[in-house]
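Colleague: Chains A and B, in that order, give the protein sequences.
1 is the number of the first residue of the first sequence in our numbering; add one for each residue after it.
1 is the number of the first residue of the second sequence in our numbering; add one for each residue after it.
Incorrect hints may have been included.
To be verified - The calculated label-pair distances, taken between Cβ atoms and stated as ranges, are:
id: 1; chain 1: A; residue 1: E135; chain 2: B; residue 2: R3; range: 25 to 35 Å
id: 2; chain 1: A; residue 1: P140; chain 2: B; residue 2: A25; range: 34 to 44 Å
id: 3; chain 1: A; residue 1: E80; chain 2: B; residue 2: E134; range: 32 to 42 Å
id: 4; chain 1: B; residue 1: S244; chain 2: A; residue 2: D196; range: 29 to 39 Å
id: 5; chain 1: B; residue 1: A36; chain 2: A; residue 2: T177; range: 21 to 31 Å
Hints in this document: simulated from the structure, not taken from any laboratory.
A quick note: this is a predicted structure, and the numbers were derived from the prediction, not measured.
Backbone N, C-alpha and C fix where the C-beta goes; we use that ideal spot for every residue, glycine too.
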Amino acid sequence: MILVSLFDILGPVMVGPSSSHTAGACRLGLVARAILGGMPERALIRLHGSFAATGDGHGTKRAIVGGLIGLPPDDLRLREAFHEAEDAGMEWSFENVDLGDDAHPNSVVFELTREGETVHITGASIGGGRIEVTELNGFPVSLGGDYHTLVVLARDEPGTIMTITSRFAAENINLATMRVDRTGRHKDALMTIEADAPIPDTLLEDLREFSWLRWARRVEQVAGG
Amino acid sequence: MHRSIEELLAAAAESGCSLPEVVLAKEASETGRDPADIRARIQRNLRVMRAAITEGLKGEVHSASGLTGGRAKRLIDNGPRLLGERVTITLARAISTLEVNAAMGLIVAAPTAGAAGVLPAILISTGEFLDLDEDTIIDAMLVAGGVGAVIAQRASISGAEGGCQAETGTAAAMGAAAVTWINGGTNEQVATSIALSLQGMLGLICDPIGGLVEVPCIYRNASAAMQAIAAAEMALAGCDFPVSADEVIDVMGEVGRRMPVAYRETAMGGLAATPSARKLVQIQPSRQPTGASR
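Chain B with its partners taken away, still in its complex shape:
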């Protein structure tokens, strides 16, 4: 995969191909896989994403700890109060996947399980709002994957290495790029959306209560989805950013490396170390996770 956004855009400019075509060709040449097989595999992963969202929105999944389950449904049932319905459903979908994940259900890590709610919420919601066909959504997944690969190689996608910014931040950048591309943004606008989304996630620590991928993770997925969509809106409107996408990615990597270990998925700092959190995790897991999707 490409090692910088600059390289990705240059490959597109040189070949005259679209970003999805460039990412697909690169993956095909590096792995020897047939491009049609790659697309088919993305489509299979999309099916898993949709199934997880549907399952979680029923409100019947519960994690073993009891910390999560049913929150996505609460949002949907309550309906929009401040913003439009599209916002509410996108937030609920992001939470939904993470609730299924917490219940040891089947999800697609994109780029990780802890950030698995962001991309499906954005892509499936945008696909629905704009009435997009499956091929276009697969194209958008390719754009997202190409961006995520750059971040994995330049910085990190692991909360244990780089904090939550490396996980939900990367997912937000992937989602922003995908949505900007779907909406006809130029390749430069796609790059700007990556910078805009990731700059808003910089410094975010990974401090899961009890060390579980549950709280605040389910809500951070929801807010990362909003960050992504906001960045896409701004980039599409021509809002620019003076620091390049690659530079913002490098900053994220640097912040991650300098982040104290207490904020890197160890549950030794942040929200995880608060009295409220400590009280919660004294509760012993009482039951097997239930009702997760196949």
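Isolated chain A, as found in the complex:
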């Protein structure tokens, strides 16, 4: 059973016409952009199921592109998101994809490129504007955008988790959830840490000092209406 807050139900305030196909799609774009660390230079966006079947009429494509350039779900510029994205200098293309029956009907797969880095992100819009990012560069994750989130890719070495969590403790930030997955022993581990308070720049900068850190990104809260 999922946990919902009051403003998942009495919200979001959003540009129509569909909470799952428009607001949720926009949030998926926003989270993907945050994981990438900024607006993609190029975006290949694959739509599955209902997203693919009815996305045109629901403004799903405009909402996703809008999210990728940083427009929130209640920004009326979403209607003109393609023009806005052209002006911002983003290149994008859409394809349909069949992820199989087990995939959520409103799923999207991103392949985003920025400053020579490409990330692969899979997510779904799960109803009422709520989202879940389920895969990041092949690692299973579970990100709803409900919290202030830190995503860290690190070499799988002893002590990394303690170092990271102690940085949170030093900033007096409470952690809500934490998930660690690794590709194999002494290879890479992906950590997602959801916190109750915004993650300060200093914490990110501190982590970048460590040789085991490959990559760290901050994903701001995008949920709530």
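Start from chain A and add chain B according to the hints.
Modeller: Same frame as chain A, but now just chain B:
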């Protein structure tokens, strides 16, 4: 948020607090937000709801497809023929919000955009009929939100998962509970109104023409608003229902899970698959949506 109506009522009974107080306290404790901020945010959302209704009733919003726009105004302009003025205005308000939504205007998803017309139509109309102050309407929104949260957690609020019953059905249950509470119904009557409204929405499929949140959505919002008010009337009169609210919610969830994919927002079945609908969606969107509210 609470995970069953039973739990919600038990929390009220144990604490001696009203339903809005119970929902507010739960949200505050789970999110760490200040209760005053939560109420202020609800009030902001109410302003968006009112603005959308006003905008849509002008009759000037049109969706890109041309399928909707101006129907709410037709109802108002035509006036009541069969029932009272209160019915006509409530129906028109439900349609109005959905017309603004279809034109990519600003709305409050409650619980979703496709069902965004129901709660504002009921609450704003009831507030006007009974001359209620803003705090009471915010209280009623809290009751509605608490009910919607239970349904989201036990069943579904997504048309793609559970059909239209999950969207407008949930909105009807939220609205019924809110109106029953506003009218001084007991907590048990509030629960009965949830069961009564939702049982009348069971099985409703999601079959939007062209896959667009337009037709039949605008009319289903209007009929869900009526379903909600009818359920509140019956519950307040002491009409009972032998199946508990939580059980009806669970049935809705079960029906949704067993619903063929053609009836879950894919536009592959139902009204969307009729010859008339197929002919309509050949019309290419010709213009940007216009005139939606800020």
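Colleague: It remains to establish, for every hint, whether it holds in the given structure.
Modeller: Hint-by-hint comparison with the structure:
1. A:E135 / B:R3: 25 to 35 Å: holds, 28 Å
2. A:P140 / B:A25: 34 to 44 Å: Given range 34 to 44 Å: holds, Cβ gap about 35 Å.
3. A:E80 / B:E134: 32 to 42 Å: Because 34 Å falls inside the window, the suggested range holds.
4. B:S244 / A:D196: 29 to 39 Å: This hint holds: roughly 35 Å between Cβ atoms.
5. B:A36 / A:T177: 21 to 31 Å: holds, 28 Å
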